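Asks: Letter by letter, the chains look like this.
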Amino acid sequence: MNETETVENRPKGEGLLGREEMGHGTRAPRGMHGSLSRGRKATQATMFTMFRIAAVINGSALIFVVYFLFSRGWRAINWTFLTQAPVDSMTKGGILPCIVGTLCLSLGAIIVALPIGVASAIYLNEYARAGKVVRIIRLGINNLAGVPSVVFGLFGLAFFVVYLKMGVSILAGSLTLAAMSLPIIIGSTEEALRAVPDTYREASLGLGATKWQTIYRVVLPAALPGVLTGAILGISRAAGETAPIMFTAAVYYTPSLPSSMFDEIMALPYHIYVLATAGTEIEATRHLQYGTALVLIALVLGLNLIAILYRAKLRRKQ
Amino acid sequence: MDNKIKMKADNLNFYYGDFHALHEISLDFKKNEVTALIGPSGCGKSTLLRCLNRMNDLIPYSRVEGSVLLEGEDIYDPNVDVVTLRRHVGMVFQKPNPFPKSIFENVAYGMRVNGVRDKSYLVNQVEKSLKQAALWEEVKDRLDESALGLSGGQQQRLCIARALAVEPEVVLMDEPASALDPIATQKIEELIHQLKELYTIIIVTHNMQQAARVSDVTAFFYIGKLIEVDQTETIFTKPKLQQTSDYITGRFG
Numbered sequence: 001m002n003e004t005e006t007v008e009n010r011p012k013g014e015g016l017l018g019r020e021e022m023g024h025g026t027r028a029p030r031g032m033h034g035s036l037s038r039g040r041k042a043t044q045a046t047m048f049t050m051f052r053i054a055a056v057i058n059g060s061a062l063i064f065v066v067y068f069l070f071s072r073g074w075r076a077i078n079w080t081f082l083t084q085a086p087v088d089s090m091t092k093g094g095i096l097p098c099i100v101g102t103l104c105l106s107l108g109a110i111i112v113a114l115p116i117g118v119a120s121a122i123y124l125n126e127y128a129r130a131g132k133v134v135r136i137i138r139l140g141i142n143n144l145a146g147v148p149s150v151v152f153g154l155f156g157l158a159f160f161v162v163y164l165k166m167g168v169s170i171l172a173g174s175l176t177l178a179a180m181s182l183p184i185i186i187g188s189t190e191e192a193l194r195a196v197p198d199t200y201r202e203a204s205l206g207l208g209a210t211k212w213q214t215i216y217r218v219v220l221p222a223a224l225p226g227v228l229t230g231a232i233l234g235i236s237r238a239a240g241e242t243a244p245i246m247f248t249a250a251v252y253y254t255p256s257l258p259s260s261m262f263d264e265i266m267a268l269p270y271h272i273y274v275l276a277t278a279g280t281e282i283e284a285t286r287h288l289q290y291g292t293a294l295v296l297i298a299l300v301l302g303l304n305l306i307a308i309l310y311r312a313k314l315r316r317k318q
Numbered sequence: 319m320d321n322k323i324k325m326k327a328d329n330l331n332f333y334y335g336d337f338h339a340l341h342e343i344s345l346d347f348k349k350n351e352v353t354a355l356i357g358p359s360g361c362g363k364s365t366l367l368r369c370l371n372r373m374n375d376l377i378p379y380s381r382v383e384g385s386v387l388l389e390g391e392d393i394y395d396p397n398v399d400v401v402t403l404r405r406h407v408g409m410v411f412q413k414p415n416p417f418p419k420s421i422f423e424n425v426a427y428g429m430r431v432n433g434v435r436d437k438s439y440l441v442n443q444v445e446k447s448l449k450q451a452a453l454w455e456e457v458k459d460r461l462d463e464s465a466l467g468l469s470g471g472q473q474q475r476l477c478i479a480r481a482l483a484v485e486p487e488v489v490l491m492d493e494p495a496s497a498l499d500p501i502a503t504q505k506i507e508e509l510i511h512q513l514k515e516l517y518t519i520i521i522v523t524h525n526m527q528q529a530a531r532v533s534d535v536t537a538f539f540y541i542g543k544l545i546e547v548d549q550t551e552t553i554f555t556k557p558k559l560q561q562t563s564d565y566i567t568g569r570f571g
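Those protein sequences? They're chains C and D, same order as listed. At position 175 of the first sequence (counting the first as 1) the number is 175 in my numbering, and the numbers step up by one without a gap. At position 202 of the second sequence (counting the first as 1) the number is 520 in my numbering, and the numbers step up by one without a gap.
If you are wondering where the hints come from, they were derived from the structure by calculation, not from laboratory data. As the structure is a computational prediction, the values presented were derived from the model and not from experiment. C-beta: ideal position from N, C-alpha, C; glycine also. Warning: the hint list may mix true and false statements.
Said to hold, decoys possible - DSS-like cross-link-like pairs, simulated, lysine-lysine; straight-line CA separation at most 27 Å:
id, chain 1, residue 1, chain 2, residue 2
1, D, 348, C, 211
2, D, 413, C, 211
3, D, 419, C, 211
As the list claims (entries may be wrong) - Okay, the calculated bits of chain C under chain D, using three or more residues with CB under 8 Å as the criterion:
id, segment
4, 197-207
5, 210-224
In isolation and in its complexed conformation, chain C is listed as follows:
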């Protein structure tokens, strides 16, 4: 042979070392261009395509929902809508009391849930020693996360509204929503605490700090971004819940804005429900329903966006 054997002019059907192309079930393939690697590549491409389709469906669902609501509700959004109370059997006017009510409930929920949730997470992650008690507590928290929201509503009604005599009020509603948000906050706080390297704790203890000093001077500040992100996500979930507030805080109509935490309030999710089912002018208020839904979604998405941006900013800092 005059030319040297290169990859290009090697006789077809042979592997890199000139040996026979392998058939299935004999030796491991030696060639770079065998039919087997073509098969594997095809499988890989198929799987990736399926993953891409799943991601697209995911993203599109959100876009579709927002578009649907937006196209039917944007006409209702104007300054009056956002700053005035409803009038004329709620066929006209605005949803200001609902916005205020939802904000009050969310704020109340986070004020109660955040300290309790963070304290629980600190106990579970930093102090508790593995054992039966801790397992039971964790079981309780995980199961709490799975309780249906309407059951929470009933619990809130029976316990806060009736037994503790709070009546239908912001207080009762906030406490019920707080109970619902606890598992989320405990979970994300624990995750944030776990992410703090043990080397920090060791360094602190090695300098003669107590465990508590270590937690509030080093561990908690380092975990704060994760804790706050969890809190924001917790509120955004609480803001959109209907069933827990139906029995405990929200009512069909209030003549004025709330002045104390014992007042009943109107709320965005409940208002949608009311207009769409129990109101006297269901068809006439359809555009208002969509408008309210749009405002609620904007609130929830807005909160989530804040959480995402804040987390990204902190990641960049690190």
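Since the structure of chain C is already known, use the hints to place chain D on it.
Replies: Then chain D, alone, in the frame of chain C:
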């Protein structure tokens, strides 16, 4: 107790659960001397070091038998406050672990947790400690910047300054230079020479040449037992036991 001895392990046994990690260790650490603990991986030298400031208390299912004396007092006595002990016996860890705070706050941390609030005292101590750690000149103009922006060698010297700021009597170093490049390592070793004027230093090292360079006394460990301890020069030139000689010359390890 002979008043040249700062710390002393007396028939110390240590267990991780059922695993007997340290067997009857009896070893003196003299004042203002550098004692190096050497031996192959898993021989217990880091375990012993962590017994000296009771950092092993953090490990669940660990158990200590025997005693460790600091100036004649047993640190494992139930009346001893571990938190106070750790102010007297400081530690520098293998991987530099500065807090995600400013350089100043890192060095001041130990003092703050011990209740010091006087701003001028803190400022002076921080400067003094950073000078002792040979880091002052490099950071004096950026004390408010994050400690995480320093190089590895600087971070380790910062950790040393942080440990010195609480004015311990003994400084434990667990392979302080193993994560550092040769130039940073050399700086740390020079530092150790200067520090022994003021402190008693016990250093664990994997690097035998480093032990030979920095220490006055060397103790050789193997599978949880103290095999031989002597003046560094003797250990490295005329060790008494064959096992020591084999390790020094690299026959195993």
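Asks: Take the hints in turn and mark each one as holding or not.
Replies: Here is what the structure says about each hint:
A hinted pair counts as satisfied when its Cα atoms are at most 27 Å apart, and residue 348 of chain D with residue 211 of chain C does not qualify at roughly 31 Å. A threshold of 27 Å between alpha carbons decides the hint, and for residue 413 of chain D with residue 211 of chain C the separation of about 21 Å falls inside it, so the pair holds. As the CA atoms of residue 419 of chain D and residue 211 of chain C are separated by approximately 19 Å, the hinted pair is consistent with the 27 Å bound. By the rule of at least three residues with a Cβ nearer than 8 Å to a Cβ of chain D, the coverage given for the segment 197-207 of chain C holds, with 9 such residues.
Figure legend: the segment 210-224 of chain C, annotated as covered by chain D; annotation consistent (6 residues with Cβ-Cβ distances under 8 Å, at least 3 required).
Checked against the numbered hints above, the structure violates only hint 1.
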